[in-house]
Amino acid sequence: MNVGLLFILGLASVGVYGIVLGAWASNSKYPLLGGLRSAAQIVSYEVPLTLSLLPAVILAGTLNFKDMSVILSTGQGMSPLAVIPLFIGFFIYLTCGFAETNRVPFDLPEAETELVAGFHTESSGMKFGFFYLAEYANMIVVSCLATAFFFGGYYLLPFGLQRIIPASVPFLGHPSFLFFMAKVSLLLFVFIWVRATLPRYRYDQLMDVGWKYLIPLSLVNLFIAAVIRYAF
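Read the sequence shown against the numbering used here and you will find it ends at 289, with the numbers running on by one and no gaps.
For the record, the hints were derived by calculation from the structure and aren't laboratory data.
Hints are supplied without guarantee of correctness; some may be wrong.
[To be verified] With a cut-off of at most 20 Å between alpha-carbon atoms, the simulated SDA-like pairs for lysine to any residue come out as follows: (1) 269 x 253; (2) 269 x 279; (3) 184 x 260; (4) 86 x 260.
[Unchecked claim] Each pair of labels, with its calculated beta carbon distance range: (5) 84 x 222: 53 to 61 Å; (6) 144 x 231: 22 to 30 Å; (7) 233 x 265: 38 to 46 Å; (8) 75 x 114: 23 to 31 Å; (9) 148 x 123: 18 to 26 Å.
Computed from a predicted model, the values in this text were never measured in an experiment.
Don't be surprised by glycine CBs; every beta carbon is placed ideally from N, CA and C.
Work out the full structure: start from the sequences and follow the hints.
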């Protein structure tokens with residue numbers, strides 16, 4: 058799809074409606090507070106998440122995931138300096154990904170010590186199961202996007218390093234679905250690893266990180282990518 062990024066971001070932006078409506082329908086104060094927290098968090102971090110992906114779009118010159126993976130992994134027509142905004146963009150994207158999926162250290166919508174279980178406190182059975190299914194499906198989508206934009210997609214090496222492997226080399230020199238799934242699995246492991254190691258932020262700290270640090274940093278990174286794309 059030639060506008061694949063816009064399509065994915067458009068779908069991701071409507072996820073907040075399901076959380077807010079599910080929390081409000083529970084008719085309880087704890088789910089409602091969790092739902093409002095989740096709405097504020099997702100809306101706040103959707104902005105830097107989108108901005109963190111734009112440097113890759115500028116450097117690749119396309120919104121198509123397949124073409125972008127080829128260009129960013131092989132470095133076709135790219136300056137060696139392009140690795141700088143891609144590297145910064147990846148860490149901004151990963152931080153926003155934790156917030157978008159309500160994972161530790163940004164799991165404020167379901168903070169057990171404050172809101173029992175958050176927006177799904179009153180849910181049980183398949184309602185509870187659907188909330189968790191959506192959360193883990195969202196983790197997979199975030200990992201797939203990171204793989205396509207920053208890790209070279211179906212190719213083995215990211216950041217323009219794939220060109221050091223000749224196409225004549227069997228398996229390693231060609232795109233493979235196994236490479237893609239291995240990178241996605243690695244990012245899913247990072248989600249689980251961070252959950253087991255980092256403490257939870259306070260809610261005011263969560264908002265400060267998004268609005269005061271990530272958005273300005275992502276704008277600066279976007280400017281750097283534009284300069285590298287058109288000046289080098």
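* Among the hints numbered above, which are violated by the structure, and what are their numbers in rising order? -> 1 and 3
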